[in-house]
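Chemist: With chain S's structure known, arrange chain P on it following the hints.
Single-letter residue listing:
There are 2 protein chains.
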Amino acid sequence: MSRMLDEVREQPEALARTLAAELRHIEKFRAFIGRRKPRLVVLVARGTSDNAAQFGRYLIEIATGIPVSLAAPSVHTIYGTRMNLKDALVVGLSQSGESTDTNEVLEQARKAGAVAVGITNQARSALTRIAEHVFLVRAGREKSVAATKTYTGQLMILYLLAYALGAKIRIADLEAIADFTAEALTLETEVSAMAERYRFMHHAIVAGRGLNYANAFEFALKLMETCYIVAERFSSADFLHGPIAMVEPNFPIFLFTPSGPTWPSMQEMLMRSQEMKAETVVITDRRNLAAANLASRVISIPARIPEMYSPIPYIIPAQLFAAALALEKNLNPDRPRALSKITRTM
Amino acid sequence: MSRMLDEVREQPEALARTLAAELRHIEKFRAFIGRRKPRLVVLVARGTSDNAAQFGRYLIEIATGIPVSLAAPSVHTIYGTRMNLKDALVVGLSQSGESTDTNEVLEQARKAGAVAVGITNQARSALTRIAEHVFLVRAGREKSVAATKTYTGQLMILYLLAYALGAKIRIADLEAIADFTAEALTLETEVSAMAERYRFMHHAIVAGRGLNYANAFEFALKLMETCYIVAERFSSADFLHGPIAMVEPNFPIFLFTPSGPTWPSMQEMLMRSQEMKAETVVITDRRNLAAANLASRVISIPARIPEMYSPIPYIIPAQLFAAALALEKNLNPDRPRALSKITRTM
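Chains as they are written, first to last, in the working numbering: chain S, 1 to 346; chain P, 1001 to 1346.
The set of hints was computed from the structure by calculation and includes no laboratory data. In this text, a Cβ means the ideal position worked out from N, Cα and C, and glycines have one as well. Just to be clear, a hint being listed does not mean it is correct.
As the list claims (entries may be wrong) - Calculated cross-link-like contacts (lysine-lysine; reagent style BS3-like; alpha-carbon spacing at most 25 Å):
1) K341(S) x K329(S)
2) K1037(P) x K37(S)
3) K1111(P) x K1143(P)
4) K111(S) x K1037(P)
5) K1037(P) x K86(S)
6) K1028(P) x K1168(P)
7) K28(S) x K111(S)
8) K1277(P) x K37(S)
9) K277(S) x K1329(P)
10) K37(S) x K1028(P)
11) K111(S) x K168(S)
12) K1143(P) x K1028(P)
13) K1111(P) x K111(S)
14) K143(S) x K329(S)
15) K143(S) x K341(S)
16) K1111(P) x K1028(P)
17) K1168(P) x K1037(P)
18) K1086(P) x K1143(P)
19) K86(S) x K37(S)
20) K168(S) x K37(S)
21) K1143(P) x K1341(P)
22) K86(S) x K1086(P)
23) K329(S) x K1277(P)
24) K168(S) x K1329(P)
25) K1277(P) x K341(S)
26) K1329(P) x K1341(P)
27) K168(S) x K1111(P)
28) K1143(P) x K1037(P)
29) K1168(P) x K86(S)
30) K86(S) x K111(S)
31) K37(S) x K143(S)
32) K1028(P) x K1086(P)
33) K28(S) x K143(S)
34) K277(S) x K1341(P)
Stated by the list, open to error - Covered, in the sense of this in silico footprint (three residues per stretch, anywhere, with C-beta under 8 Å from a C-beta of chain S), are these stretches of chain P:
35) 1050 to 1059
36) 1130 to 1144
Chain S on its own, in the form it takes in the complex (with noise of 0.2 Å):
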């Protein structure tokens, strides 16, 4: 099989680990933020890593009401510009901790004033040594190309920061989220035996709203990385405002649908996709009995996931599908032409 394979699976044990082993240390930052709340938060990646930015982008605003800003690395590394991000928390996160131009962002915030704050795999690494604060992702090694257990573990430590900025999140909704992956991952039976189906694929739209978008932006980079596929990623607005022109026939779209506030948006670009004909495959709950008959493949989580918790085990199937697919093709997915584990931009 895969070291991809076997990271997916070992992702229950290393979220719980995770949130055993970061949750005294997350106290005390909760402690040390509670008396100076950022005005702005800023969070700053690249790859797997600014997909699991973008989620903590939907979380903090949603859960706390503070602003937050993906940062644009460029403004810093080529343009240079001082920033004015006094009274700002600046979070980077890498799985290596060894991006170059999000530790040279983390950097500059710090010298500006900022709270710089560090989330990464690598208890030894420049992030580390470059942020005040440092949470650590307890994944153990990740060895395959394609990161996974890596994702989840950021997902999982945003939790608990946006914990630390006052969201009214119980740690014991967090322990269940381990339960939830571990359901997700029965699943891989059946997820395997769909990949023949997409054997010939060779593009794709990917589509998530609010706490699920940063998933699409996700599942997308591992069809890229993995099988090669051109994926696009879209939120199921954007997709109304362009992008639904270029869908023929057949054209195979992938879209998370949990129940909750997200599914009215999410329905509304999968009817309309149906109306095109699209090959619609839907990654969803069994309590959305409405997605399942609109759609044309059904990947459906055996477990009731209130959808703030969703995002971590919903990314399960996709990864389950990714590496199935990449095998379908006689692709290795632990190691991707063109690419290495660490990648040094500026």
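Modeler: Frame of chain S; chain P shown alone:
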């Protein structure tokens, strides 16, 4: 031909008219905002206007050092979050002024204490009623569904907005943009002749960096809407963090490569793409001989344009290319399937 092409050609006059008409207005706003400098700028938009907002995000940060965030409308419209937007400047951009989610976010922001600005091509619209300060794109009615002259008009207003926020921008430099745009339009015959080569192109990558990153989004959107091409958009840095793996020999990659600070990063992407035997097309200027030497095909703008003022003239050949390729494919760019001029989403 097409209304789209007519409207592409109208841009030098539309830009000059917009600048002349809004200048006095922006000076008043400059005096107003100078006494209450925002701690944060939030830009909210959809579709092509969102691509203009992406430009504004870079320009305002680079030229003023004020942090900028692109709003995630669902945080407001779907999750009903009350954001802390005190001392923020919130800017809604919409060609029609009737974008439901953009207007909803702006209205909520105003209630939350933000200064609310509207940028639109429609003097009488829901947006102009909601915004406290309105800046009008004077492009004349845009009849093609594919937006062109309203995009560059929004970019012009964003330069003026950055100026009002304290950027060192000379109005004389903004006046020169209309001339650069006219020079870019002289490429029409050359670009149209190129289109045949791409008649059977089904997917593509468009890349830019920094101030031209937004143009990568806009060119990709035009290819999706008017030519039904699955067009992905990346920064040159993000491309190296995963998507490069999907590049097969002859994969078409379009790159915005102005001379100046973003060139080293774009050059790295161009060289890596050539290694993968991709088909590379650069939109560049006569000074950038290195880009011309590396690429498979070159579109070279005659004028000597400072990188700071390159985005408006640089999108012109991209618009010309999309309009010509649509014609080549027997598609009508003015009426893409499944789209109408005003899209309402929440």
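Chemist: Next step is simple, just say for each hint if it's right about the structure.
Modeler: Here's how the hints hold up against the structure:
Between K341(S) and K329(S) the alpha-carbon distance is near 22 Å, which keeps this suggested pair within the 25 Å criterion. Between the alpha carbons of K1037(P) and K37(S) the distance comes to roughly 20 Å, so the proposed pair stays at or under 25 Å and holds. Under the criterion of a C-alpha separation no larger than 25 Å, the hint pairing K1111(P) with K1143(P) is inconsistent with the structure, at around 34 Å. For the proposed pair K111(S) and K1037(P), the alpha carbon gap of about 22 Å is at most 25 Å, so the pair holds.
For a cut-off of 25 Å, the pair hint linking K1037(P) to K86(S) stands: about 14 Å separates their Cα positions. Of the supplied pair hints, the one linking K1028(P) and K1168(P) holds, its CA atoms being roughly 17 Å apart against a limit of 25 Å. The suggested pairing of K28(S) with K111(S) holds, with an alpha-carbon distance near 23 Å, which does not exceed 25 Å. For the hint linking K1277(P) to K37(S), the alpha-carbon distance of about 51 Å lies beyond 25 Å, and the restraint is violated.
Simply put, K277(S) and K1329(P) have alpha-carbon atoms about 21 Å apart, close enough for the 25 Å limit, and the pair holds. Of the supplied pair hints, the one linking K37(S) and K1028(P) is violated, its CA atoms being roughly 34 Å apart against a limit of 25 Å. Pair hint K111(S) plus K168(S) does not hold up; C-alpha atoms about 31 Å apart against a cutoff of 25 Å. With a CA separation close to 32 Å, the supplied pair K1143(P) and K1028(P) exceeds the 25 Å bound.
A C-alpha spacing of about 34 Å is found between K1111(P) and K111(S), which places the hinted pair above 25 Å, so the restraint is violated. For a cut-off of 25 Å, the pair hint linking K143(S) to K329(S) stands: about 21 Å separates their Cα positions. With a CA separation close to 8 Å, the supplied pair K143(S) and K341(S) stays within the 25 Å bound. Restraint check for K1111(P) and K1028(P): satisfied, since their Cα atoms lie roughly 23 Å apart, inside the 25 Å limit.
Of the supplied pair hints, the one linking K1168(P) and K1037(P) holds, its CA atoms being roughly 15 Å apart against a limit of 25 Å. Using a Cα cut-off of 25 Å, the hinted pair K1086(P) and K1143(P) is violated, with the two alpha carbons roughly 38 Å apart. As the CA atoms of K86(S) and K37(S) are separated by approximately 12 Å, the hinted pair is consistent with the 25 Å bound. Of the supplied pair hints, the one linking K168(S) and K37(S) holds, its CA atoms being roughly 15 Å apart against a limit of 25 Å.
Distance check on the hinted pair: K1143(P) and K1341(P) sit about 8 Å apart at the alpha-carbon level, within 25 Å; holds. Restraint check for K86(S) and K1086(P): satisfied, since their Cα atoms lie roughly 15 Å apart, inside the 25 Å limit. Between K329(S) and K1277(P), the direct Cα distance comes to roughly 21 Å. Compliance with the 25 Å bound is thereby established for this hinted pair. Among the hinted pairs, K168(S) with K1329(P) is inconsistent with the structure: their alpha-carbon atoms are about 54 Å apart, more than 25 Å.
A distance of roughly 23 Å separates the Cα atoms of K1277(P) and K341(S); the hinted pair therefore holds under the 25 Å criterion. Between K1329(P) and K1341(P) the alpha-carbon distance is near 22 Å, which keeps this suggested pair within the 25 Å criterion. Distance check on the hinted pair: K168(S) and K1111(P) sit about 24 Å apart at the alpha-carbon level, within 25 Å; holds. Between K1143(P) and K1037(P), the direct Cα distance comes to roughly 38 Å. Violation of the 25 Å bound is thereby established for this hinted pair.
Of the pairs offered as hints, the one joining K1168(P) and K86(S) holds, with about 22 Å between alpha carbons and a cut-off of 25 Å not exceeded. Of the pairs offered as hints, the one joining K86(S) and K111(S) holds, with about 10 Å between alpha carbons and a cut-off of 25 Å not exceeded. Among the hinted pairs, K37(S) with K143(S) is inconsistent with the structure: their alpha-carbon atoms are about 38 Å apart, more than 25 Å. Distance restraint check for K1028(P) and K1086(P): the Cα-Cα separation of roughly 22 Å lies within the 25 Å cut-off, and the hinted pair is therefore satisfied.
The straight-line distance between the Cα atoms of K28(S) and K143(S) is roughly 32 Å, outside the 25 Å bound, and the hint therefore fails. A distance of roughly 23 Å separates the Cα atoms of K277(S) and K1341(P); the hinted pair therefore holds under the 25 Å criterion. Interface restraint, the segment 1050 to 1059 of chain P with chain S: holds (3 residues with C-beta to C-beta distance below 8 Å; minimum three). For the segment 1130 to 1144 of chain P, the stated coverage by chain S is violated: 0 residues have a C-beta nearer than 8 Å to a C-beta of that chain, whereas at least 3 were required.
When held up to the earlier numbered hints, the structure conflicts with 3, 8, 10, 11, 12, 13, 18, 24, 28, 31, 33, 36 and fits the remainder.
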